[in-house]
Amino acid sequence: MKTSAARRLVGPALGVLVFVAVTGIWQLWAGAEDSFLVPTASEVAKRAWDVWPTSDFLSEVGQSMKRYAAGFAIAAAIGIALGLLVGASHAARRTLDPFLECLRAVPAIAIVPAAILILGLGDASRIAVIAFGLCFPILVNTAEGVRGIPLEVRDTASMLHVGRVERASRIYLPAALPSIMAGLRIAVSLGLVLVIVSEFVGEQNGIGYYLIIQQSKFDYPALYAGILFLGLLGYLLNRLFLLVERRVLAWHYRAAGE
Amino acid sequence: MKHVNVAGWLFVLLVTLLVETGVRAFDYEQKIATPSSTLRALYDALADGTLSGEIGFTLHAYLEGLALAILVGVTVGLLIGSSRTLLDASSVVIEFLRPIPAVALIPLAILFFGPFGIAAHRFVVVFAAVWPILINTIYGVRGGDRMLQDVARTSGVGRVGRLFHVTLPAALPSIATGIRVSAAIALVVCVTAEFRTGAGGIGDYMKDQQFANKLPKLYAAVVLVSLLGLAVNAGLRAVQRRTLFWAGEERSAQ
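Protein sequences, first through last, are from chains A and B. Residue 196 in our numbering sits at position 158 of the first sequence, with consecutive numbering throughout. Residue 173 in our numbering sits at position 172 of the second sequence, with consecutive numbering throughout.
Keep in mind that a hint or two might mislead.
Computed beta-carbon distance windows for the label pairs [as the list claims (entries may be wrong)]:
hint, chain 1, residue 1, chain 2, residue 2, range
1, A, E190, B, A239, 29 to 39 angstroms
2, A, T92, B, A239, 50 to 60 angstroms
3, A, H199, B, F165, 34 to 44 angstroms
4, A, A59, B, L40, 53 to 63 angstroms
5, B, F27, A, E71, 51 to 61 angstroms
6, A, S254, B, A213, 18 to 28 angstroms
7, B, A213, A, A162, 21 to 31 angstroms
8, A, D94, B, R242, 46 to 56 angstroms
No lab work stands behind these hints, which were simulated from the structure alone. Every residue, glycine too, gets a C-beta built ideally from N, C-alpha and C.
Please model the entire structure based on the sequences and the hints provided.
Here you go:
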């Protein structure tokens with residue numbers, strides 16, 4: 039008991055220590071190298087401190103997050119709805135499976151130019167790309183969750199003549215929720231990638247655009263600061279989602295005896 | 002042999018025909034390439050060798066990056082996974098680096114390695130692909146049966162022997178899943194990087210077609226790269242089924 043408690047303290051401390059050591063080595067190495075390619079850790083930190091609170095930077099972040107939220111919401115709606123359909127109905131699965139597999143194989147970046155041509159350079163094309171990319175992990179996980187529902191449950195529902203819509207919303211949806219949340223969790227991280235990818239083409243604004251601009255200005259510390267920000271943002275979004283997931287799935291964890 | 006899913010492929014055909022007639026009927030060809038013109042462009046570009054060269058370039062960078070990621074991810078994962086101290090020590094650094102979207106590193110890599118080389122986009126591909134493999138390897142190692150380790154130890158099997166004969170085989174199904182996840186991510190990142198670096202490859206080709214406003218050629222490239230993704234995934238699935246038949250299919254630990 040005592041050793042595990044000690045371990046719980048020493049473990050994270052060791053992790054932090056190694057992190058500090060690595061940052062220190064970076065600082066010393068970059069200082070000795072004295073190349074504009076590798077700014078020192080302190081230089082990057084200072085730049086991040088200067089850049090992050092500026093309204094210019096925050097407005098780019100705001101643009102990106104707006105697209106992220108919209109794309110995520112659309113993908114969740116479509117992914118869950120289609121996932122329920124494909125998971126619940128064998129006929130639907132057989133009919134849609136090859137079509138969805140083909141679409142799923144299309145890399146998000148590949149549809150950006152086409153999306154821009156069809157929907158223009160504004161938000162709509164970016165949001166479409168994000169929604170397209172996020173749709174599939176949600177769909178696949180939802181369908182898998184529904185298919186994992188025990189046959190007795192489904193049979194009982196159909197025996198009691200529970201209607202289709204009610205069956206989907208009151209039985210399939212809650213039962214598949216842990217799996218759906220797993221799909222949404224993948225989408226949380228993937229969404230950030232897709233936001234950047236969608237902003238790489240036909241540059242207008244957003245964090246992806248910000249990175250491209252820093253590249254063309256050879257502003258290394260600002261570029262590092264932007265990347266750092268994205269890492270932090272990804273981490274926070276993930277944490278936030280885990281909190282939500284704990285809440286939403288509290289009944290599930292209780293039932294599972296955790 | 003599984004029989005072909007007739008209804009499913011008929012549906013694909015139906016959608017294709019709908020798009021074809023819809024685009025023609027509403028005279029939308031300036032914005033969307035019809036499936037027939039896309040197929041013709043795909044055939045032409047493959048026949049005269051322009052597209053096959055580009056896809057070869059992409060495939061080369063992609064496979065090399067993926068191989069490097071597997072090498073690094075599995076080696077480091079085995080090391081970290083088999084030692085509680087190493088796992089603790091590396092945790093913060095990993096948690097810090099992992100959430101960084103690989104595509105965000107593309108501009109930096111271009112500055113770092115120069116724009117028209119293969120190095121920049123290989124670096125990004127490796128960075129993107131290494132995390133699922135690393136994490137799944139660690140999970141696989143830690144999820145292994147302690148009993149097997151103890152039996153091997155008391156039977157006098159050394160550290161190295163245990164690593165190769167007990168730890169690695171037990172972690173293999175999880176590693177395979179990590180590789181499959183990585184293979185999909187790496188392809189997307191690879192094409193995205195080509196889009197920005199202009200070093201060649203299918204992504205670069207797409208950008209050129211976009212600028213030249215050659216829609217059928219652009220769509221042909223999209224079709225080709227998607228087929229590549231399908232083939233890679235199917236190939237890895239088949240390998241996993243054949244070699245790891247005893248484990249069944251596992252879901253990603255991510």
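Hints, one by one, checked against the model:
no.: 1; hint: A:E190 - B:A239: 29 to 39 angstroms; result: 34 angstroms, holds
no.: 2; hint: A:T92 - B:A239: 50 to 60 angstroms; result: 52 angstroms, holds
no.: 3; hint: A:H199 - B:F165: 34 to 44 angstroms; result: 59 angstroms, violated
no.: 4; hint: A:A59 - B:L40: 53 to 63 angstroms; result: 57 angstroms, holds
no.: 5; hint: B:F27 - A:E71: 51 to 61 angstroms; result: 59 angstroms, holds
no.: 6; hint: A:S254 - B:A213: 18 to 28 angstroms; result: 23 angstroms, holds
no.: 7; hint: B:A213 - A:A162: 21 to 31 angstroms; result: 24 angstroms, holds
no.: 8; hint: A:D94 - B:R242: 46 to 56 angstroms; result: 52 angstroms, holds
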